[in-house]
Structures are given as structure tokens and as C-alpha cells.
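Asker: Model the placement of chain W with the ligands on the given structure of chain L, informed by the hints.
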Amino acid sequence: MASVTLTNVTKRFDEVVAVDNVNLEIKDKEFLVLVGPSGCGKSTTLRMVAGLEEITSGNIEIGKRIVNDVPPKDRDIAMVFQNYALYPHMDVYNNMAFGLKLRKFPKDEIDRRVKEAAQILEIEQLLDRRPKQLSGGQRQRVALGRAIVREPKVFLMDEPLSNLDAKLRVQMRTEISKLHDKLQTTVIYVTHDQTEAMTMGDRIVVLRDGVIQQVADPLNLYNQPNNMFVAGFIGTPPMNFLDATLVEDGGKYFLDGAGSFKIAIPEDLAKKTPELKEYLGRGVVFGVRPEDLSDASLAEKEVTEYNSFMAGVEVVEPMGSEIYLYLTLDDHSMIARVEPNSTAKVGDNVKLRVETEKIHVFDAETEEIIF
Amino acid sequence: MPLTLKDIAKIAGVAESTVSRAINNKPGVGAQTREKIMEIVREHNYQPNQLAQGLAKRETHLLALIVADLTGPGYSEIIKSMEKTANQAGYQLIICNTDNNLAKEKTYLNLVGQHRVDGAIILGGTLANNNIMKLALNQDELLVLVNCLAEEVLIPTVLVDNARGGYLATVHLLEQGLEKIALVMGPANDFLESEKLNGYQQALADYNIPFREQLIIKTNLSREGGYNAFFRVMKIDELPDGFFVTNDLLAIGLTEAIKMGGYLIPGDFAVVGYGDSIISAVINPALTVVAEPLQQLGRLAAEYIIKLINDQAIEEVIRVLEPELIIRESSSP
Ligand SMILES: Nc1ncnc2c1ncn2[C@@H]1O[C@H](COP(=O)(O)OP(=O)(O)OP(=O)(O)O)[C@@H](O)[C@H]1O
Ligand SMILES: [Mg+2]
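Just so you know, the sequences run in chain order L and W. Here the first sequence is numbered in the working numbering, starting from 1 and rising by one per residue. Here the second sequence is numbered in the working numbering, starting from 1 and rising by one per residue.
Please note that the accuracy of each hint is not assured.
[Unchecked claim] Facing chain L, from chain W, some residues (calculated, C-beta under 8 angstroms):
no., residue
1, Ile11
2, Ala15
3, Thr18
4, Val29
5, Lys134
6, Ala150
7, Leu154
8, Val320
[Stated by the list, open to error] Rough simulated footprint, nothing fancy, chain W against chain L, three-plus residues with beta-carbon under 8 angstroms:
no., stretch
9, 51 to 60
10, 69 to 82
In short, the hints are calculated from the structure, not lab data. Using N, Cα and C, we set each Cβ at its ideal position, and we do this for glycine too.
Isolated chain L, as found in the complex (with noise of 0.2 angstroms):
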């Protein structure tokens, strides 16, 4: 168990700064997820920890010691990736146990540590099958036990489960959450996909080219992205981003879509950001998520012309619970979860209702977020 510290970390491959100054405290026993699109440093930063790539400037400490010069294998970490040797000659026992015989272990010690970690992972029943003989869930289990008995003080997960199938990986996100709880051992997990950061993460850092956007947990990550990087990288289907121009019309503040919409600001959140008056006048990015949208024709709450617009339906994709309807809007395309008793249809025109108290506003410019 340890925390794990990174300060002013920059790792430079020739001319490519792959990890920009990155900062970051994870906390002992915290999952902490690293997120982002492909090429954005993700890995580089999980192998810098490892000890696997060497760090261009800056310090990496595990526990309260700098490892910057630290082999790997005196780091006390253990790393798991989604391609593995599972040895079809020998039984799952061995299969877990041969990175400690070859150790050198004391036979007593193995033995205690592969029969706790598989009545952790629960596969005491398997220990003595084939990796033939195995599901594959079972597989990826026997590689978190070659994992566990080395007893490290941090995993550190490489997009483990991007091998697997879609439904093997929901549960196996499931099973690496529970191990988590019952290992209390501090993670580092990297995936470039969002869901899984959401439902995985205690806490999640967006990266982008090599450079941190945000360090939140999943529920503040959401509810308050930074800038439109993460307010659009976070969230399925993505949040619609509109071009608009910041308006006062009698005291109160509109997104002005010249004449596809004009959408009023709730006063309070006006209110708690003074800075917006600098924005009149000038061009902002209008924010609203799909579910934040609604068919007006079915809205309980009240329909103005302020908290709607018109939008022209490209395609209507019924989704069980919800609808998606792709629009467009101008040159805009954007999506909408919709009821799914809308009988919207391609071709339509239809109104739909913005649910303002949810709405954000980007600085066009520099894409950070305004509120």
C-alpha cells in the first residue's frame, strides 16, 4: 500500500513530448483512472511509474521514496496489460506461481500466496486445470493472480480488458472494482475509453498530447469539465457544443444563435458568474448534453421561447428506454435523448426543450469553460 506522487513529470521521445508536466497525487489504496484519447500519453505515463521508460525531467515517488532511479523490480508495483502468457503446459497453480519459483521463493510462501490470491480472485476450483480448460474470464483472472501474489504495493493496469469481448468486459470492470475493494491496494488503471473510467475510477484524469485537463471523480467530471476537451471526451452520446454570442435584453443574459435560437441564462447562475458580463457581446460555445435536450411536445415543465429551439431530425434511433434523434441545427449536427414515446420522424421539424439550469458556456477561444 502506497501513494504515488508525480512532480513536474515530462517525458520527451525525441521530439515528441509525450507527458507535458504532469502533476499528480494518488492517494494509498485509490483507483485512480487515466483517460484520453489514443496518443495522449496515457501508457507513457503508467511505464514512467513502472520504471519502464525513463523520465526526461521531473520526480515520481512511491510511498514517500523517489523512484526516479529505482529499478522496476524493486518498485513494489505489479502491471497488468491485455496481451498475457498463459503457459498451456502447466495448470493455473503454476501459472501463477512460476514468476515466484523462479524467484526463488520459499515453496511455503508461494504456496500461502497463489491459495490467497485464488480464493480472492475465486478460482480456488481451477487451480489445478489447463489454461485450455478456461473461460475467458477465467483466463484474465488467472493473469490478475500472477499479478497479486507478487504482493505489490501499487497496480498499475494497461487497458486490461481491451481483448475482450463487450459483454466479458462490463463484467470483468465489475470483478477489478470488488478485487480493488478487497486488495485495498492502490491502482493506477489506463483506458481510453470513457464508460469505463466513469464506472471504474475513484477518481479520473483526463489527458490530452501529454497534458492533464482535469483531475475530478467521475460525478464532478461530468457536472463540471474544465473546458469543452473534457466536456465533450466525457459522456455518451457527447455533449452538442452551439456557436453563440453572450446578449443582455433587460437586465437578464441570452445565448444568441443568430435566430435559430436564443436561449436566456437562469439568473442564479448568472449570478454566481460576474465574469460573464466580459463575455457580451462576443462569440461563446453554447454547451447542452444529449439528455439535457428534450422533445418540448412531451415536456411536463413549462415550453418558452427561451428554453427551446427548432431543429431539423436527420435519423431516429430508438434505443429501448430512450430515442436518440440526430439533428442539425444551421451547419450544427447535434444529438438528443428523447423520451421514448416521441413521435418524432426524419424530416421533422421539431421543437425541443432545453433544460437551462444544466447548460454551459465555453470561452470560444480558449475553450475553457465559462460556467
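Answerer: Leaving out everything else, chain W with the ligands in the frame of chain L:
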């Protein structure tokens, strides 16, 4: 104006280096991203800069064989077969002896990272260390392990099932009607030795013969160790009727001791050795042994790395070979 890497990166919304890695089929790019990039490349009929591509695809037709300990059992035979296969396919094999020195190993592994060889075969060492793992994560198409296991990552591997060898030897003795089989082996914390012990135990279990701890003689892997093992065995209450010896040198010492004691092989004691070296064939009487498929091991390793270099699929990423029993005079009455 022709499209540049930069343009493609912009269209795909990824880093330029990611585009380069995708185009050159390097790892570190997710499948979806790769597909997206390749689609853009096709759509815009992008021709990679010839120089850039030439650099990435530069071929040396050299293979590095990285060995921790050149004196390993059967290594000369493995290496000869490896070299023959490589030569036939137009590759040269460079032998890199690391003497178990990690710094030396790192230097040799760098040959792969710097594309100064097309690929590397790691022979022995038993557990892939972090240098190897790091390379496998970055350049996973260019490494093959031989008789070496990897904990975290999947690297194409060819290895021999040593437990199976122990099993075959023991079953052969049991089939001769023997029941009290002594196992003369190296230190139990040596992984390969413990594998052979596992095979021995499995054979006894399959034949319903109780396992007796006192018949397990652990010693150092030397001629002297084998010699002394016999006299240790002679002190136990119930003498064995057969021996399974896990190593050449042990076998020489043991047979010497048996003969010194005035006993006959196989009349008084049957003996089965491990490893088909010249030694085992010239011992008198000629020794029955478990033989590892050394030539096959060398050939497959070379075939594997050449396939990887040429982007051909390998059917079994982990190939486990079985040893075979060569029956000579020392084991059958
Ligand atoms: N060994 C290397 N040499 C050169 N550049 C590298 C190397 N490894 C990674 N990079 C580059 O560093 C950047 C970050 O790569 P990294 O593998 O950390 O991304 P990632 O977030 O894990 O992406 P993915 O989701 O595709 O796995 C990328 O631009 C990548 O091309
Ligand atoms: Mg990665």
C-alpha cells in the same frame, strides 16, 4: 499540394507521431485510431515520404541471438540449428553472450530498438526481465523467447515442457516394474529442476505409487554431486531399484559410484538420465535418457522470428515442445 503527416494528423485529430506509427505499422496506436488514420490515408491517396518509409523499413537481414549463459545444456545444438534455418532464409545470426550481465544485455537489446538487427531471439534466462518487457511493449513484433517465461506480457515463445520430461522418465522406470525410484536432482529452488520433480510426482500419482520424500536426493549439479548422491541413497533403510537423474554431470557421477560399489546397471539399479549429450551415449552401459528436441527448438525459434519480421502469422504464439525418451541399455533388464 500533397498531404503531409501533419495534415493527416489534423484531420484525424491525433498527434503527428501517432500517424507515423500507424502508417509504419508500429505498436502504440489503438486499433480504432489506426483504422481511422488508414482510412484518411487511403481517401487522400497519401504517399509516405520515401525516406521516412525507407528508414522505418530498413532491413539488415541480421538476427541477434541473446544468450545469458553460453554453456547452457544443449545450447550448441540449438544454436547450430537456429543458424542453419536463419541462413537458409537469407538471415545471418549474431551471437550475443551476456554472461548474465544486465548492462550487457541492455546494450544488445538496443540493437533491436535501433533497428541495427531485424529481430532478436532470447535464449534461456528462464524469466523475461524488465529490459525484455520494455522492448516487447515497444517493438513486440521483433522478439522471440526460447526456454524463457514472461510474467506480464505476451511474447512469442518456444519452450520445452520439462515436467513432461520428468514424467516420461519416471513412467518408463515404472513400466519396467520398478516402484522405488530415486530422483537425483539439482537444488529444488531451480525452476527447471522443480518442473522435473513435478513430472516425477505426477507419474507416481498416476501409477498409484506413494511419494517418498527420502528418495528425493537434492544436490548441486555436478559430477561430484551425482557421485555422492549414490552413497547418500545407500544409507536409507529401503534401497531404491531405479534412478532418475536430471542432468548429464549428475548421471556421470552417479553411474561411476554405482559401478565403484560393485553393482550392475541395469541389473541392480536401472538409470534414466536427462539430456541427450555425447556423454550419455558413451557412458557404459549406454544411458537411457529424456532427450529435448534441441534442433526443433532452434529451427522453430528462427522460423518464428523470421515470420514476425515478415508480418506473417504465427499459429501458436506459445509453442511447447515435448521431450522424448531414448531407450538404451541402462534402464531395461
Ligand atoms: N517508444 C516510443 N518512441 C517514440 N514515440 C513514442 C514511443 N512511445 C510512445 N510514443 C509517442 O508518445 C505519445 C504518447 O504515447 P502513449 O503510448 O503514451 O499513448 P497512449 O495514451 O497510451 O495511447 P493509446 O491509447 O493509443 O495506447 C504518442 O505520440 C506516441 O506516438
Ligand atoms: Mg497506451
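Asker: Would the hint on Thr18(W) be counted as holding, given a Cβ-Cβ threshold of 8 angstroms to chain L?
Answerer: Check passed: Cβ of Thr18(W) comes within 4 angstroms of chain L, closer than 8 angstroms.
Asker: Please check whether the stretch 51 to 60 of chain L has three or more residues whose CB lies within less than 8 angstroms of a CB on chain W.
Answerer: holds (count 3)
Asker: Quick check: the stretch 69 to 82 of chain L, covered by chain W? Criterion 3+ residues, Cβ under 8 angstroms.
Answerer: holds (count 7)
Asker: Holds or violated: Ala150(W) as interface residue toward chain L, Cβ cutoff 8 angstroms?
Answerer: Hint on Ala150(W): holds, closest Cβ of chain L at ~5 angstroms, below 8 angstroms.
Asker: Closer than 8 angstroms between Cβ atoms is the bar; does Ala15(W) clear it against chain L? Give me holds or violated.
Answerer: OK, holds: Ala15(W) within 8 angstroms of chain L, min 4 angstroms.
Asker: Minimum Cβ distance from Ile11(W) to chain L below 8 angstroms?
Answerer: Violated. Min distance 14 angstroms.
Asker: Taking the least C-beta to C-beta distance, is Val320(W) closer than 8 angstroms to chain L?
Answerer: 5 angstroms, holds
Asker: Using Cβ atoms only, decide whether Lys134(W) comes closer than 8 angstroms to chain L, and label the hint accordingly.
Answerer: Holds - the Cβ of Lys134(W) comes within 8 angstroms of chain L, reaching about 5 angstroms at its closest.
Asker: The hint names Val29(W) as touching chain L; please verify it with the least Cβ-Cβ distance against 8 angstroms.
Answerer: For Val29(W), the interface hint holds, since the closest Cβ of chain L sits about 6 angstroms away, which is under 8 angstroms.
Asker: Under the criterion of a CB-CB separation shorter than 8 angstroms, is Leu154(W) in contact with chain L as hinted?
Answerer: Holds. Min distance 4 angstroms.
Of the numbered hints stated above, the single one contradicted by the structure is hint 1.
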